[in-house]
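> Chain by chain, the residues:
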Amino acid sequence: MRQAWEGPLEKIDDYRWRIPQSYDRGMRVPGLIFASEKLLKDIVKDQSLQQVANVAHLPGIVNASLAMPDIHWGYGFPIGGVAAMDPETGVISPGGVGYDINCGVRLMKTDLTVEEVQPKLRELVVSLFRTIPCGVGMSGDIRFAKRDASKVMAQGSRWAVAQGHGVQADLEHTESHGCLEGADPEQVSERAVTRGQSQLGTLGSGNHFLEVQAVETVFDEGAANAFGIAPGQVTVMIHSGSRGFGYQICDDHLEVMERAMPRYGIRVPDRQLACAPIDSEEGRRYLGAIRCAANFAWANRQCLMHLARGVFERVFERSWEEMGMSLIYDVAHNIAKFERYTLNGGEKTVCVHRKGATRAFPPGHPEIPADYREVGQPVIIPGDMGRHSYLLAGTESAMRESFGTVCHGAGRVMSRTQAVKEAAGRSIEQELERQGIIVMGRGRHGIAEEQPAAYKDVNDVVQVVHGAGLAKRVARMRPLGVIKG
Amino acid sequence: MTDDTGYEFFEHTADVGMRASGGSLAELFAHAARGLVALVAEDSAIRPAETRAVRLRAASVEALLRAWLSELLMWFDTDRFLPAEYALGAVSATALEGEVRGERFDPARHTYGTEVKGVTRHQFRVEQRDGGWTANVIFDV
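Listed in order, the protein sequences are those of chains A and B. The numbering of the first sequence is my numbering, which starts it at 1 and goes up by one. The numbering of the second sequence is my numbering, which starts it at 1 and goes up by one.
Same shape as in the complex, but just chain A (with noise of 0.2 angstroms):
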């Protein structure tokens, strides 16, 4: 079912690519890849470009389908594919979202040395693992009752905080302080509610994960600084989501969508972009729900922080606070938002779809939070659980050529069955443990599938975006311990 790709692809410069659009008359713009030479000779074996063409189709696209560097197969939108769209003219598709609304990762510093954490590493891993509730199917502890539900997605973190489950300055640093305006729960269906219900609070399987980190290099360290981060020091990253609260919202909305297209005269190359102009009923509808369920996933990873906070104090005996056991910051990396950029000289909204990307704000922006505005906004890069993962901090370069966003991870570059495939006879756990990470996931395969090798190296992916001057590097986290669904 890997069909390379056999379409044009001219080069700008060294880490720039163009799809022209000529290459389908139905494109409205060209495609931009931002690659190098090295991530290209994995992105053409399979269908990622044919589907960046593809979003080129889409009504009120401004500029050109963008794709990052960790771009790879999807459904609908490449993963790593990033498209703007025109408010009055514009649509919105779920496939530009995903299933898993307002999936991102955020990263908490400590205070705590490698030195100090490495005794007591495994009974840190196992406790997490235990506490945490993760692996498909798992329900958690956080529950909320039918009649908050509408709180929970109309306030997000903010909810959360409210509950105990953190503090005011975790809001401070988390994007859209952990709460879209706008949130509409009367677009939400009633199969969404119960699918969430038990869900607040739980890490979901597949490439969600909660790691211990070591800051092992600072490229930058006057914004290392501003972020509280030393070579040395110990880091915890939570990459989770919206759960099937997020995925019932994005299924709903599709049926709707799907129906819709004809009255609108929108014809789409997949189905999986059903759309909807952003001016109608159907796309006010979905920006409703999406908020939702974008605000239900920020109070989804406050409440994994705070309960790995929990976990902290109990192996450490001290308080997370006399740990510095704050929030670094929380990013988004499936999530469509209104956001003004200068365009052909003047200023304008649009519609920013990202489906595996992440939002990269310069310094100065009116939306970093006040302590980091000299540096510009925290970029949350997570790799695989063998190498590396990243902190970085947006530049004006993306605001000019990304609407404001760089990659979200490494990319995957093998398929799961491959990846099982290739770890067969083999104990990944085992391997890692040599390279002395612990790894603990439940699932038989989940680990196999996960393993470093499925991944392309996130120091490539973040050389693009480094070199190209969307984003710059601050500091390169190793793992020490992972956990898994």
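Hint data in this document are derived by calculation from the structure and do not stem from the laboratory. Among the clues, some could well be false.
What the hints assert, rightly or not - Chain B stretches covered by chain A per the calculated footprint, using a threshold of three residues with CB under 8 angstroms from any CB of chain A:
| # | region |
| --- | --- |
| 1 | 7-18 |
| 2 | 106-115 |
| 3 | 128-135 |
The beta carbon of each residue, even a glycine, is placed where N, CA and C say it ideally should be.
Position chain B relative to chain A; hints supplied.
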């Protein structure tokens, strides 16, 4: 094209592709459901302890298969219900009625598989050929 279980998985970089087949629509739907359960709970032995009735309508056979798989996902997400046997009496191109027997996921006896987020529309196909039915499904995992 599919092996004797009636389903097989195919390569997709990030997600999971499945091809299912059956001599009749009822068989195709049962085989596709088995494939989904194999993803969620791998080769767990599931007892047919509890019976649930199912009744679905949709505008097309493709929408019906998607609704069916989504319904089973919903059951798993809300009650951890895993199907084992399918008695689908009446499956037409737009309506399905029957019973599903299974039990709730028990971590002591069952295996954790992959969380399936959704049944995508990407390259989704149901086709009738050579006297049988085939389906092509990509799950978001």
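> All the hints need checking, so say for each whether the structure fits it.
Verification of the supplied hints:
1. 7-18: holds (count 9)
2. 106-115: holds (count 5)
3. 128-135: It is violated: at least three residues are needed, and the region 128-135 of chain B offers just 0 whose Cβ sits closer than 8 angstroms to chain A.
Figure legend: structure checked against the earlier numbered hints; the only hint not met is number 3.
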